[in-house]
Amino acid sequence: MMALKKIGSQSMLFPSGAWIRGRGTVVGKKEGSGPLGSCFDIVLQDDMYGEKSWEKAESKMLKDAMMKAVQRAGLEKENIDVMLSGDLLNQLMSSSFMARDMHIPFLGLYGACSTMTESLVLGSILIDGGFAENVLAGASSHFCTAERQFRLPVEHGNQRPPSAQWTATAAGAVVISGQPPGPGIPRIRAEAATIGRVIDAGIKDANQMGAAMAPAAVDTLLNHLQDTGRGIDYYDLVVSGDLGFIGREIVMDLLVDAGLPSAKVRERYDDCGTMLYTKDQDVHSGGSGCGCSASVFAGHLLQRMEQGELKKVLLMSTGAMLSVISPLQGESIPGIAHAISLEVE
Amino acid sequence: MKDSDEKEKKLRKDIGKAYGDYVKQFTPSPAYVSNGIKAFLVGGLICTAAFWLQKRLQDGGMSETDAGAFVTILLVVSAQLLTGLGVFDSLAKFAGAGVIVPITGFANSMVAPAIEYKKEGPVLGVGSKLFTVAGPVLVCGISAAVAVGLIYWMIGRIQGV
Amino acid sequence: MEGILNGLMDYVWAFVIGGGFCLIGQILMDATTLTAPRILVIFVVSGVILQAVGLYEPLVKLAGNGATVPLPGFGYNLAKGAMEGAEKGFLEAIMGPLKATSAGIAVAIAFGYVISLIFTPKSPKGN
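Residue numbers (the numbering used here), protein chains in the order written: chain A, 5 to 349; chain B, 91 to 251; chain C, -17 to 109.
Please keep in mind that the hints were generated in silico from the structure rather than gathered at the bench. C-beta: ideal position from N, C-alpha, C; glycine also. Don't take each hint at face value.
Said to hold, decoys possible - In silico contact screen, one side only, chain C against chain A (beta carbon under 8 Å); selected entries:
#1 M11
#2 A13
#3 S84
#4 P103
To be verified - Under the rule of at most 20 Å between Cα atoms (straight-line distance), these lysine to aspartate or glutamate pairs were calculated in the EDC-like manner:
#5 B/K208 to A/D50
#6 B/K103 to A/E335
#7 B/K208 to A/E59
#8 C/K43 to B/D149
#9 A/K81 to A/D105
#10 B/K114 to A/D45
#11 A/K208 to B/D149
#12 B/K145 to C/E39
#13 C/K104 to A/D286
#14 B/K183 to C/D12
#15 B/K114 to A/E347
#16 A/K60 to A/E137
#17 B/K107 to B/E96
#18 B/K100 to A/E335
#19 A/K9 to A/E347
#20 C/K104 to A/D50
#21 A/K268 to A/E313
#22 C/K104 to A/D261
#23 A/K33 to A/D261
#24 B/K107 to A/D204
#25 B/K103 to A/D204
#26 B/K128 to A/D286
#27 B/K209 to A/E55
#28 C/K81 to C/E66
#29 A/K316 to A/D286
#30 B/K100 to A/D204
#31 C/K81 to B/E154
#32 B/K107 to A/D105
#33 A/K60 to A/D105
Unchecked claim - Pulled from the structure, derived: some chain B residues nowhere near chain C, Cβ distances all over 12 Å:
#34 E96
#35 K128
#36 L165
#37 E206
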């Protein structure tokens, strides 16, 4: 059988229809006091969230974001056929323990910080292919859990270089459905997607995540535009996941280098990592982590689409595919980016 | 086959180097001068205070070695207490190497990982994590010193014969 | 008068040498991608080596705590213990390093353990 929905080299269309029905977000205190603070459903006063450990807190954040999305969709937990989710922790601790409480068929995903788009793409595939009626897709990260796993302990005395990024304490989830929402509700449709390749540009410095992932974002975006025959101005906003201020500059420079019009690139392209915090929140190069693009997408971007400010958005979460031991073995940091196109009908 | 693998590796290395240089233009450099001044002043102050205390203890009739040990103990205890109170990371953020290079940094590097692994239990959590950073320091330092001791002992034997 | 001036100079040297070590550490942290554990190891081991070749002792004579409080001073004490032990015999050469530094290490482990059990980690200040 021919792959009817595949276009170009690595992209696909969702002609049967996959609609975003509900969305939910939970963020930490710092994220809540950032410029997007008012967009989120729940802002924590304490990043422990009343739990005994940070991992449990992250798990609870993810669960509450999932439940909020189901509730907004006007559905019950029982209506969800598949739940897709991931986080940054070893063996997907936050997601798996969240799924333990949810009693919904569950697939755990790891795409580092690209997980939100990974779950959106796979969720849309399941819906468009007719394998599920309603899919929950989400991702989470927590500053304290990620930091102690990947870098140094939080209480450890060290200085963060200007290129370092801040792992967002945030969780975001959406319900993707085969049925469009009822009349009067904006119809936001997942319309096309591009699955990214792992690109390694040889960056070894763990404090240069944005630079390590930028080439992957550029590769995915250029392939997406070529596969679909679109220009960057087809979209109202092309938004990468967590490249931060440095990574965003690199992407813009590389895109212009690849022949895209400079003015349009500056006008249409942005990065979630630069949106979540203000510069005076001491986050250096911006936000990172699965929760960064998950919460900015589910909290801020979808809200703007509902309000009609944005019609066509390309979300492109970016991930750094390093492990805890790979830098010790002298490996550089491979990057990945997936893209999903969303349109208001 | 092996040839192309080697080629790919070399190519990757070259790309990494070129891209690393390219990225530098987008990366703001750290505030070398102000960071350096802060580290110098704070580090100098800690050492001067330690020196003052050492002198007081020696004036009180303590031997130089004992006084030195007490000064070390005091520095270690205060750094660990400040870490427990959650103050040390803010201090280090300001002073950088000024509090990391003195023995206070070593003391902090023990408590910081251990305190985070409380939930994993007092034995395999706190007990083992005390040494995530301090372990390598002790292992390398003590091994080097034992090697020095043995070399000196052998030299002594050869000269003695 | 001269005595007071000499006493004052001791403090100045302690300040300058101690601060100087920290300055070197700061430059290492800012200009290289070395992580904190590596920098600590480099400092301690270089203290051991400098003392072994006889370069660190004069620095301690000059700056006192300015040379012993920074981490190379820890390496200096380890090596000094080993070298003094080596004069007494094989076993002493091996026990020397830990003997000379046992107070600091014992307190760092025991007190660190207690502190870690008492206090809970704080999440970074959100603002």
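Review point. Which earlier hints turn out false for this structure, listed by number in ascending order?
Key: Going through the list in order, the structure violates hints 2, 3, 10, 11, 15, 16, 22, 23, 29, 32, 35, 36 and 37 and respects the others.
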